[in-house]
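The sequence shown stops at residue 245 when you use the numbering used here, and every number in between is there.
Don't read these hints as lab results, they were simulated from the structure. On a predicted model such as this, the values are computed, not experimentally measured, just so you know. Warning: the hint list may mix true and false statements.
Computed spacing ranges between beta-carbons, pair by pair [claimed, not checked]:
1) Arg130 to His90: 18 to 24 Å
2) Ala128 to Val53: 36 to 42 Å
3) Pro64 to Asp139: 38 to 44 Å
4) Ile66 to Glu36: 48 to 54 Å
Where is the CB? At the ideal position from N, CA and C, for every residue including glycine.
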Amino acid sequence: MSARETILRRVREAIGEAAEPVAVPRDYLRHAPGIDPDDRAAILALFEQRLKRYGAQVHRTTVSGVAAAVDRELRSASAHVVLTPPGLPDIWTALWADRTEHRIVTDDPPLTTAELDEVDAVVTTCAAAIAHSGTIVLDGDAGQGRRAPTLVPDCHLCVVHADQVKSALPQVVSRLDPRRPTTWISGPSATVDIEMTRVQGVHGPRRLIVLLVE
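Throw the hints in and build the complete structure from the sequences for me.
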């Protein structure tokens, strides 16, 4: 018997027989209060409102306008070195990168913290978004990359497609892969731990820019 089998046998002996499945009530409100879950315009408006309340910038665009919007916002942020994770469409950063003073870096192989500190901004997609809390969820899938590059650079530009925005948390959780690590972002990094004074950029990007693609 291997060590693994021995450990698992001892665990089974400690916890005893498996308990009967428990029925979990699911009659709670599964969408944002006061919002029709089928009213996409209201859901997107709430998402934008909550993000702006947290101090994020939100700009609406179309699929064909993403590249121009990325170019505009990265130049507005004075970004010269931008990280793009594997799977992010190259065309999104093509306009911005078409200047000699601008440089695209990748995270393959993974950059060190010191190298990430030299990056001005990171551009990602997301796994889902929640209107009620103004939250963006990353799960490390294509176009999102690992967690560190979204925390160290000073600016995070996230492209969110309108159909990824759900009304409330219960509608999002059921769509996420529980085997993937997730990062939940509600506005730019901030804290009020010191004398109740709000300070941005303490545990992550000081600036969050969301491009909402309709």
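Next item on the list: Given the hint of 48 to 54 Å, check if Ile66 and Glu36 actually sit that far apart at their C-beta atoms.
Entry: 51 Å, holds
Next item on the list: Could you check the hint for me, namely that Pro64 and Asp139 are 38 to 44 Å apart, CB to CB?
Entry: With a Cβ separation near 43 Å, Pro64 and Asp139 satisfy 38 to 44 Å, so the hint holds.
Check: Has the hinted range 36 to 42 Å been met by the Cβ atoms of Ala128 and Val53?
Finding: 54 Å, violated
Margin query: Verify the CB-CB distance for Arg130 and His90 against the hinted window 18 to 24 Å.
Written below: Because 21 Å falls inside the window, the suggested range holds.
When each numbered hint is compared with the structure, a violation occurs for hint 2 only.
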